[in-house]
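Make a model of the complete structure from these sequences and hints.
Quick mapping for you: the protein sequence lines, in order, are chains L and A.
Here the first sequence stands for residues 1 to 254, numbered as in the numbering used here.
Here the second sequence stands for residues 1 to 250, numbered as in the numbering used here.
Source of the hints: derived by calculation from the structure; they are not laboratory data.
Virtual Cβ for every residue (Gly too), placed ideally from N, Cα, C.
Be aware that a few hints might be false.
Here are some, though not all, of the chain A residues that point toward chain L, as calculated from beta-carbon distances under 8 Å [claimed, not checked]: (1) F18; (2) R78; (3) S81; (4) R84; (5) N93; (6) T101; (7) F108; (8) P109; (9) M110; (10) R112; (11) H113; (12) F138.
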Amino acid sequence: MAPLLLPLLVTAGETARFAGRAIIESVRPPFELRETLRQLFELGCRSVPLIAVSGFAIGVVLSMHTRSSLARFGAEALIPAGLAIALVRETGPLTAGLLLAGRIGAGIGAELGAMKVTEQIDALEASAVDSFKFLVVTRVVACVIALPLLTSVMNFTGMLGGFAAETSITGIPLMAYMRQAFSLIEFSDLIPSTIKTAVYGFIIAVVAAYLGINTSSGTEGVGRASTRAVVTSSIMLIVANVVLVRLIFFFYPS
Amino acid sequence: MTEQTVPAIELRGVHKAFGALRVLDDVSLSIPAGRGFCILGRSGTGKSVMLKHIIGLMEPDAGQVLVEGRDITGLSSRALSPVRQRIGFLFQNAALFDSITVGENVAFPMRRHTRQSDEEIRARASSLLEQVGLGRDFDKMPADLSGGMRKRAGLARAMALEPPILLADEPSAGLDPVTAGEIDQLLVTLKHGAQTTLVVVTHNIPSARAIGDELLFLHQGRVLARGTAAELDDSEHAMVREFMGSTGSG
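See below:
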């Protein structure tokens with residue numbers, strides 16, 4: 001058991017140190033503002049179609065399920081609110097996190113892995129550029145900013161999907177639907193759940209960057225880093241979600 | 001020690017091993033400023049590793065590396081920055097940044113470390129690409145270049161900040177003889193004109209003869225021979241003589 005556990009613990013320790021360094025370097029000048037904005041565009045803006053379409057589809061499906069459940073109790077009027085709470089509290093953040101762990105995690109793992117094996121990271125260092133700040137910190141900051149914004153996009157398009165499904169059956173107008181949907185939503189439903197996705201962003205970027213930068217074994221290693229980045233960040237994200245939800249309930253017991 | 005006697009590069013008792021494999025074994029050497037210095041040796045004898053120690057991409061297990069009199073051993077990336085700005089590095093596989101154009105690759109060090117305007121930087125990058133025969137390739141992506149063209153673009157990038165020290169890992173490998181000769185001539189011009197210290201790893205003996213005021217032969221991580229090309233031609237070691245007698249082009 002020990003021979004299996006030891007490398008795992010070593011990797012966990014190294015990743016934790018890597019994460020700590022990313023936090024320290026993110027608040028230490030000089031700031032790579034231009035590269036951070038570029039990453040925000042690459043990782044954030046380019047993820048909007050994936051998140052928007054997925055959110056809409058999830059909204060439609062959730063609405064159909066909510067209808068089939070609530071109709072049994074004659075509580076169809078609660079469908080918009082039920083969908084909104086489910087989407088905003090958990091489904092939106094977690095689904096967005098997992099989708100982005102796939103898109104962003106794979107991208108960062110593969111890009112940094114390829115840069116490592118082709119000596120581009122060494123070339124950055126040789127050009128007197130701090131590669132950690134330029135490659136890692138910029139991606140971490142971009143992900144921490146992008147995830148809550150993308151989650152909001154998913155929540156919004158999810159609500160639109162729910163409306164589309166509902167109006168096709170009942171003909172409910174958009175404003176009436178939204179009024180009902182937001183009637184039971186509170187601050188403690190929306191803000192903490194959205195902000196927790198910043199933690200998801202941090203996890204995805206740190207794990208993927210760590211695996212990418214430590215790639216070895218040529219192109220095969222790049223593929224492995226990319227796959228591991230998705231798998232590891234997804235697992236960590238789901239586990240972190242348990243802790244974060246517990247924390248949210250601790251601070252907002254209602 | 002006066003300013004003029006400070007060597008450009010100095011290695012003192014440098015050891016480096018990867019696991020059980022000893023790559024550099026107690027290597028000490030001193031390279032005077034403004035000279036051409038070629039490192040020869042069979043593949044896998046630690047030549048590229050030596051270059052990476054000089055620019056701080058690798059740290060020795062033991063020993064010291066000094067650049068222009070400053071001990072860079074163990075310095076952080078941030079502390080190494082001013083030293084690295086004084087060294088140009090041409091990687092064995094060029095290591096161009098593949099997400100930006102060839103011109104932007106050459107402009108990259110200038111954008112990072114100078115206050116020149118965009119026009120000035122573009123003009124200088126174009127001029128450098130012209131010097132290495134890639135004047136028309138400013139807007140191409142690195143993936144669209146051949147191996148030899150990438151190598152020349154890498155050389156242009158290494159020269160961007162007009163560094164007093166230029167390290168080149170097999171600059172003529174993969175080039176046709178004419179282009180290789182042009183690159184050699186460019187390096188010689190840099191040495192004579194800008195007084196650039198050249199440290200060149202090469203398997204190409206004609207190149208080494210053209211560029212190197214002094215040659216060093218590494219074997220199994222140790223310095224087997226050092227001297228002028230003529231001295232190495234008459235080396236007591238058969239391997240060195242055989243190497244010098246070859247016309248290998250890397």
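How the hints compare with the structure:
1. F18: violated (12 Å)
2. R78: With Cβ-Cβ at 6 Å, under 8 Å, it holds.
3. S81: holds (4 Å)
4. R84: holds (4 Å)
5. N93: holds (6 Å)
6. T101: Hint on T101/A: violated, closest Cβ of chain L at ~15 Å, above 8 Å.
7. F108: Holds, about 6 Å.
8. P109: holds (5 Å)
9. M110: violated (10 Å)
10. R112: With Cβ-Cβ at 6 Å, under 8 Å, it holds.
11. H113: H113/A check passes; min Cβ-Cβ to chain L is 6 Å, inside 8 Å.
12. F138: violated (19 Å)
Of the numbered hints stated above, those contradicted by the structure are hints 1, 6, 9 and 12, listed in ascending order.
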